[in-house]
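Spelled out from the first residue to the last, the chains are:
Protein chains: 2
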Amino acid sequence: MANINPRPVKIMDTTLRDAHQSLIATRMTTEQILPIVSKMDKVGFHALEVWGGATFDACLRFLKEDPWERLRKIKDQAPNTPLQMLFRGQNILGYRHYADDVVEYFVQKSVANGINIIRIFDALNDMRNLQTAVKAANKEKAHAQVAISYTISDVHTIDYYVGLAKEIEEMGANSICIKDMAGLLVPYRAAELVSALKEAVPTLPIQLHTHYTSGVAAMTYMKAIEAGCDIIDTAMSPLAMGTSQPATEVLVKTFEGTPYDTGINSEALSEITEYFRPIRQEALASGLMSTKVLEVDINTLRYQVPGGMLSNLVSQLKEQNAEDKYYEVLKEIPRVRADFGYLPLVTPTSQIVGTQAVLNVLAGERYKMVSKESKGIVRGEYGQTPVPISDEIVKKIIGDEKRITCRPADLLEPELDKLEKEMAMYKQQDEDVLSYALFPQVATDFFKYREAQQTKVDMQVADTKNAAYPV
Amino acid sequence: MANINPRPVKIMDTTLRDAHQSLIATRMTTEQILPIVSKMDKVGFHALEVWGGATFDACLRFLKEDPWERLRKIKDQAPNTPLQMLFRGQNILGYRHYADDVVEYFVQKSVANGINIIRIFDALNDMRNLQTAVKAANKEKAHAQVAISYTISDVHTIDYYVGLAKEIEEMGANSICIKDMAGLLVPYRAAELVSALKEAVPTLPIQLHTHYTSGVAAMTYMKAIEAGCDIIDTAMSPLAMGTSQPATEVLVKTFEGTPYDTGINSEALSEITEYFRPIRQEALASGLMSTKVLEVDINTLRYQVPGGMLSNLVSQLKEQNAEDKYYEVLKEIPRVRADFGYLPLVTPTSQIVGTQAVLNVLAGERYKMVSKESKGIVRGEYGQTPVPISDEIVKKIIGDEKRITCRPADLLEPELDKLEKEMAMYKQQDEDVLSYALFPQVATDFFKYREAQQTKVDMQVADTKNAAYPV
Ligand SMILES: [Co+2]
Ligand SMILES: [Co+2]
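Going down the list, the sequences are from chains D and A. Final position of the first sequence in full-length UniProt numbering is 471; the numbers increase by one with none missing. Final position of the second sequence in full-length UniProt numbering is 471; the numbers increase by one with none missing.
Please note: incorrect hints may appear among the correct ones.
[Said to hold, decoys possible] List of simulated lysine-lysine pairs, DSS-like, C-alpha gap at most 27 Å:
1. K64/A x K427/A
2. K39/A x K292/D
3. K331/D x K396/D
4. K396/A x K427/A
5. K39/A x K325/D
6. K39/D x K325/A
7. K141/D x K75/D
8. K75/D x K427/D
9. K42/D x K331/A
10. K292/D x K292/A
11. K331/A x K39/D
12. K139/D x K418/D
13. K39/D x K64/A
14. K75/A x K64/A
15. K331/D x K42/A
16. K39/A x K331/D
17. K331/D x K372/D
It is worth saying that the hints were derived from the structure and are not from the lab.
Work the whole structure out from these sequences, hints included.
In structure tokens, the structure reads:
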């Protein structure tokens with residue numbers, strides 16, 4: 001081994017974002033996070049993923065926490081390691097397309113509050129949906145990483161991904177991530193893909209993100225690294241594997257003494273492992289972590305669809321007393337996908353394709369019943385599909401309705417001013433308008449809760465100190 | 001990939017032996033096993049590991065089953081796939097050295113009842129402890145596989161293992177297994193080791209056996225296979241990973257379409273997966289399977305000792321109110337190991353070394369207190385240590401006592417006749433004497449139970465059919 005030139009692998013630790021999002025419904029609190037951050041900051045990670053994805057929504061909705069405050073507190077404890085967030089293109093962290101002024105302001109405030117690396121992706125890989133965020137990140141001098149949603153279909157060839165990589169380079173991204181959210185990327189395929197991308201865009205670092213769902217993840221990292229992958233995403237072992245990432249400690253040890261040695265000291269990790277172990281144990285004991293998420297999902301390997309999609313199907317069919325149609329629906333899925341321009345199967349497209357497949361089978365005639373979301377896809381509301389949808393399908397689904405061919409956000413008026421007005425009465429910091437923009441109802445509830453807490457605290461202060469209300 | 005010559009990997013499935021031994025305390029019953037065996041027989045596995053190890057003891061002691069009957073029933077359902085057992089050299093499946101006549105008779109009866117491949121190993125890698133079993137297997141025309149107990153120490157170099165492999169070849173073994181019971185073998189080391197063994201003994205197939213305990217197992221298989229490993233041991237996913245083997249479905253899928261393609265049809269596996277899934281779920285629900293065994297054990301990676309060994313230490317220290325001595329004991333372990341000729345740390349040597357390290361630390365003086373088992377090791381009762389123990393240590397531990405330098409079993413008189421006499425009153429089949437030889441008390445209890453059951457059944461027959469006792 002000693003003869004080969006060293007090519008150290010960089011490690012991005014996801015424990016504080018994707019790992020708990022994947023295993024314990026994003027329920028890790030800031031209080032649980034903070035005591036260990038300064039130790040994680042000293043390890044020498046490439047970055048810590050600590051924000052974005054579902055954490056923003058979970059903070060406001062379930063934990064009654066201000067996500068911006070979480071970010072600032074983490075930054076305080078981690079001055080040395082770049083902080084990373086996951087950003088869903090024009091959806092930001094929400095569930096619709098937002099106007100550019102919201103996207104730009106969100107990026108600006110994320111960076112101002114501590115984010116260094118923004119990983120930006122789009123469910124359809126419509127690169128137009130990433131432009132605004134990438135440009136904004138460039139402007140804020142953050143690292144703009146564009147993530148390709150990895151999927152398997154007849155059109156998702158190596159050449160297709162190489163084409164995307166070149167677009168990403170042109171767009172001004174600083175690195176590329178292959179984002180395999182379902183664990184579909186098998187090891188030798190990963191080697192092929194990474195080699196091709198490194199050749200196509202040799203100056204951009206390539207990062208690989210996968211989940212252990214189907215059981216291949218660690219092997220996939222290994223083959224990717226041997227093929228030239230620069231950075232891998234891992235999680236501390238108590239929150240690793242299953243539907244989460246491979247374990248940080250394991251990958252660090254695996255490459256120790258090889259040309260890929262991460263340079264991370266295993267001993268520095270052990271205290272962090274011990275910190276997270278009781279969090280795992282409590283989550284298992286309370287049922288917050290189900291043992292289901294720790295199991296190998298062979299359906300992912302068999303049907304090349306995300307694990308969660310099939311359990312959704314089963315529930316849908318059960319509700320209709322049509323469980324016997326399961327295998328028919330399974331066969332219908334790739335057909336719907338082909339009809340819909342070979343969508344990647346990720347949130348929300350996996351639900352849209354799955355539901356339409358169920359409707360096609362149950363109605364006994366394809367597209368006799370069509371969901372609102374299916375119409376949205378065909379209308380172009382989500383952006384461009386990987387290949388164009390045939391005229392025949394368009395006709396069948398939306399008839400002669402007008403289709404959107406531009407970038408969907410081009411149709412949106414600036415909306416920040418209006419949002420500011422709507423929520424002015426709750427505003428305590430500039431960032432509050434962004435929380436409100438993404439989740440109007442949930443943010444409003446949080447703002448009210450926050451005020452009530454403050455009043456309560458103030459009341460206590462008032463009671464105990466000088467029997468007067470502070471202003 | 002298509003340009004490389006195909007070199008299909010063979011898969012040995014451990015679900016019915018090691019997997020349930022590792023995850024659910026060897027408690028799978030014959031009733032649970034039988035309904036799925038004929039399906040497993042049709043998959044095209046290299047072999048099914050179904051017997052030996054702890055299953056024999058568990059059948060008699062906990063399940064009140066006759067292990068021989070289990071073997072015959074499995075054979076009935078699996079006429080096409082070789083059946084494999086794990087055989088602990090001169091210990092057979094028990095906890096002491098047995099005379100050669102017992103070893104020979106056990107091999108003969110194992111083969112007669114359905115075993116095709118006997119994997120034979122010794123905790124100390126003293127090849128003399130394997131001779132009798134290997135010769136007996138040769139005589140019975142079974143496949144004799146010798147397993148090397150893999151461990152890490154200053155003397156366990158690649159050259160050391162190459163030396164063992166050559167001894168194994170000379171001994172007349174049909175294949176070699178690298179048996180990494182603790183999950184210590186990291187991926188790139190596995191590649192080195194397998195390459196060296198393939199070069200040293202090119203005619204013998206090399207099989208790799210590891211456990212997922214430390215989280216590297218699947219990667220270790222991958223690097224071993226790329227380096228020339230012929231056969232890997234895996235378990236069906238519901239009983240895989242954690243302290244068990246990597247998942248069969250996952251490895252099959254990983255090599256699909258590569259030069260290492262196993263040729264196994266993934267679809268043929270899915271029904272088997274579904275069969276074992278409820279067994280996993282019930283075991284988790286009842287607590288028979290602890291979520292502890294599913295966790296990555298980073299101590300294995302950190303201290304290069306088997307996971308279970310450290311939890312034993314903690315208990316021992318707790319009992320003595322000396323938990324603060326933990327790190328002192330951890331440092332003492334490699335010193336005791338060196339003193340004792342660099343024993344591999346497996347059952348029973350891991351317990352012996354661990355306990356002696358505790359005694360050395362608690363007594364405040366090394367070898368002031370010495371366990372009976374430590375004396376046994378130094379006396380040579382277990383066989384030869386990897387390197388000789390120094391005169392100084394010998395003197396300190398056993399003074400001028402006589403040491404055994406021959407093969408321990410050479411000191412044992414034939415014992416079958418005596419055993420036959422002792423248990424004659426219980427005998428219902430030839431094999432019963434072997435059950436009695438290995439576990440005299442447990443087998444006697446089982447024989448009594450068996451008789452009681454038979455009498456009860458007879459009583460019922462008598463009652464319901466013709467009011468007379470059958471003879
Ligand atoms: Co993810
Ligand atoms: Co084993």
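Here is what the structure says about each hint:
1. K64/A x K427/A: Measuring from Cα to Cα gives roughly 16 Å; hence the hint holds.
2. K39/A x K292/D: 25 Å, holds
3. K331/D x K396/D: 20 Å, holds
4. K396/A x K427/A: Answer violated: K396/A to K427/A is near 47 Å, above 27 Å.
5. K39/A x K325/D: Since the Cα atoms of K39/A and K325/D sit roughly 25 Å apart, the hinted pair holds (cutoff 27 Å).
6. K39/D x K325/A: 25 Å, holds
7. K141/D x K75/D: Satisfied, since the Cα-Cα distance of roughly 17 Å is no more than 27 Å.
8. K75/D x K427/D: OK: K75/D and K427/D at ~23 Å, within 27 Å.
9. K42/D x K331/A: With Cα atoms ~26 Å apart, K42/D and K331/A stay inside 27 Å; holds.
10. K292/D x K292/A: 15 Å, holds
11. K331/A x K39/D: Holds, at roughly 25 Å.
12. K139/D x K418/D: 24 Å, holds
13. K39/D x K64/A: Roughly 52 Å between the alpha carbons, so the hint for K39/D and K64/A is violated.
14. K75/A x K64/A: 20 Å, holds
15. K331/D x K42/A: 26 Å, holds
16. K39/A x K331/D: 25 Å, holds
17. K331/D x K372/D: Holds - the C-alpha atoms of K372/D and K331/D are around 22 Å apart, at most 27 Å.
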